[in-house]
Amino acid sequence: MTTIALLLITGLGLGALYFLIAAGLSLIWGLMRVLNFAHGAFFTVAAYAGWSASRMVVGASPDLQWLVAVVVAVVVGGVFATLTEVVLIRPLYARHVGQVLVTVGLALATISLVQGGFGSDPQRLALPAWMTNTTTIVGANIPNTRMLVIAVALLVFALLLFFLQRTRFGLIVRAGVENRAMVQALGIDVHRAFTLVFAIGGMAAGLAGMLAGTYYGTIDPGRGTAMLIFAFIVVIIGGLGSVTGSAVAAVVVGELQQFLNFYGAAGVGDFSVVLLLAVVLLIRPGGFSGAST
Amino acid sequence: MSAAAPAAAATMLLDVRDLDVYIGESHILQGVSFGVRRGGITGLLGRNGVGKTTTLRGILGLVPRTGSVLLGGDETTRLATHEIVRRGVAYVPEDRDVFAGLTVEENLRLAERAGAPLRYDLVYELFPELEQRAAQKAGTLSGGQQQMVALARALLNGDNRILLVDEPTKGLAPLVVRHVVEALQRAAEIATILLVEQNLSVAHKLVKDVVVLDQGRVSFTGDVEQLMGDPALARRHLGLAAVGSH
Chain E
1 MTTIALLLIT
11 GLGLGALYFL
21 IAAGLSLIWG
31 LMRVLNFAHG
41 AFFTVAAYAG
51 WSASRMVVGA
61 SPDLQWLVAV
71 VVAVVVGGVF
81 ATLTEVVLIR
91 PLYARHVGQV
101 LVTVGLALAT
111 ISLVQGGFGS
121 DPQRLALPAW
131 MTNTTTIVGA
141 NIPNTRMLVI
151 AVALLVFALL
161 LFFLQRTRFG
171 LIVRAGVENR
181 AMVQALGIDV
191 HRAFTLVFAI
201 GGMAAGLAGM
211 LAGTYYGTID
221 PGRGTAMLIF
231 AFIVVIIGGL
241 GSVTGSAVAA
251 VVVGELQQFL
261 NFYGAAGVGD
271 FSVVLLLAVV
281 LLIRPGGFSG
291 AST
Chain X
1 MSAAAPAAAA
11 TMLLDVRDLD
21 VYIGESHILQ
31 GVSFGVRRGG
41 ITGLLGRNGV
51 GKTTTLRGIL
61 GLVPRTGSVL
71 LGGDETTRLA
81 THEIVRRGVA
91 YVPEDRDVFA
101 GLTVEENLRL
111 AERAGAPLRY
121 DLVYELFPEL
131 EQRAAQKAGT
141 LSGGQQQMVA
151 LARALLNGDN
161 RILLVDEPTK
171 GLAPLVVRHV
181 VEALQRAAEI
191 ATILLVEQNL
201 SVAHKLVKDV
211 VVLDQGRVSF
221 TGDVEQLMGD
231 PALARRHLGL
241 AAVGSH
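These protein sequence lines map, in sequence, to chains E and X.
Counted the way my numbering counts, the first sequence spans residues 1 to 293.
Counted the way my numbering counts, the second sequence spans residues 1 to 246.
Hints are computed from structural coordinates only; laboratory data are not their basis.
Any given hint might turn out to be false.
Taking beta-carbon pairs under 7 Å as the criterion, some of the chain E residues facing chain X (in silico) [as the list claims (entries may be wrong)]: (1) Gly-105; (2) Gly-187; (3) Asp-189.
The structure displayed is predicted, hence computed values, not measured ones.
Glycine included, each C-beta is placed from N, C-alpha and C at the ideal position.
Just chain E, same shape as in the assembly:
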């Protein structure tokens, strides 16, 4: 029971990180039909920016340092994503091969730059003492960082749902995911929605970058790319363009990985996620949410 509780909550924590990356990816694909391979670069650059900022707040309490890191990561993720959309993606609308090439190129160049600037080794993130402690649940000592990541992801999920369901921009995004041309034919400048969705996606990826640092205790230049692969799987399983679908899929993928990696041989969890993707594509090509695209 103790092990199961530990695996459940750790799996939820991993799923929370996947969700933060996948939500933006899903909205970007759903609305803009852009397969954004640079999303992992937003994650990585934001994490390093946050980590650097936290080291500049000399003498501040660890809580404040961590908070500064998170805020800087969110802002840098949003700004980087916005610039990417405006400068690189916008001239390539409807040129999908060009978009793939430019986002892959940006991802590779960014990771190389980060490695050049900070080295390839993981950098330790200073965490407040309460984050390094554990809380006992059903006899299992659960690291507080897992609970923190889950709580933040739930908050982001609620904010995204509020944005999508209760604001005009959210309405435009939901409509644009269904039929972008008709949104334009109603007199709406859909490009503004594109930029906003990219910015939101970048902010969520930046937050994920910092929270992944919190979850693992270190930041590392390759983690964004590694997590992006699973985030893409989450997006497809959840249904392209569906934030709720991404949330459900992220939990399923996180739990599957945790349980099978623990009870099965090493790597079985990762393999099973790919298998799940294949099964979903065969049985329900639109993913959990049933989206047709």
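Based on these hints, arrange chain X on the given structure of chain E.
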């Protein structure tokens, strides 16, 4: 140019000149030119696949095109679709294109334009069902109800000058067709309409001026009675079967 030409130009709300559209390798519209007078309904007729829908999409900039489209004398071909629409053009597409995952109320709210007087009173007077079904997902509506949503979106903004309506009666039950016809007649009292319609009895009932397309070119422009009143002319431009069913 005759002396009457400038006066005629002044009465034109929409002036399409030498519109060319390529889709892939196909030359769909080949120098289409016609005008739409202010007020009333102008019919854009022709057999299947002659370019009627593409003409509406070309006017809106939803397909790449060359040529000129003047709205109230102002050139619009360099504008983005949303900018053209904001100049008072509303579009009711052939397949209705309601947002299936949004409610009826959300579909209408999305069509609201900042600064435009909103005509919810008119919309709900014409289509009371929409008010009752405001919270229902548009994807769960019948075809006729979806057509009501599509028409309601076009009628909602009080500053719309022209409605581009593409086959609004396609696939609808006769009772619903009657309802749609009444709505279009009412809409024509407040805005100009360019109507694509395959149902010739509906077209005959609604339109005054007619533009007929054939293989991507304008083959006839004139009064509907002139076309429909001459079976040989109608057969030549609209096809034997179409005239026979009329």
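Exercise. Looking back at the numbered hints, which does the structure fail to meet, lowest number first?
Worked result: 1
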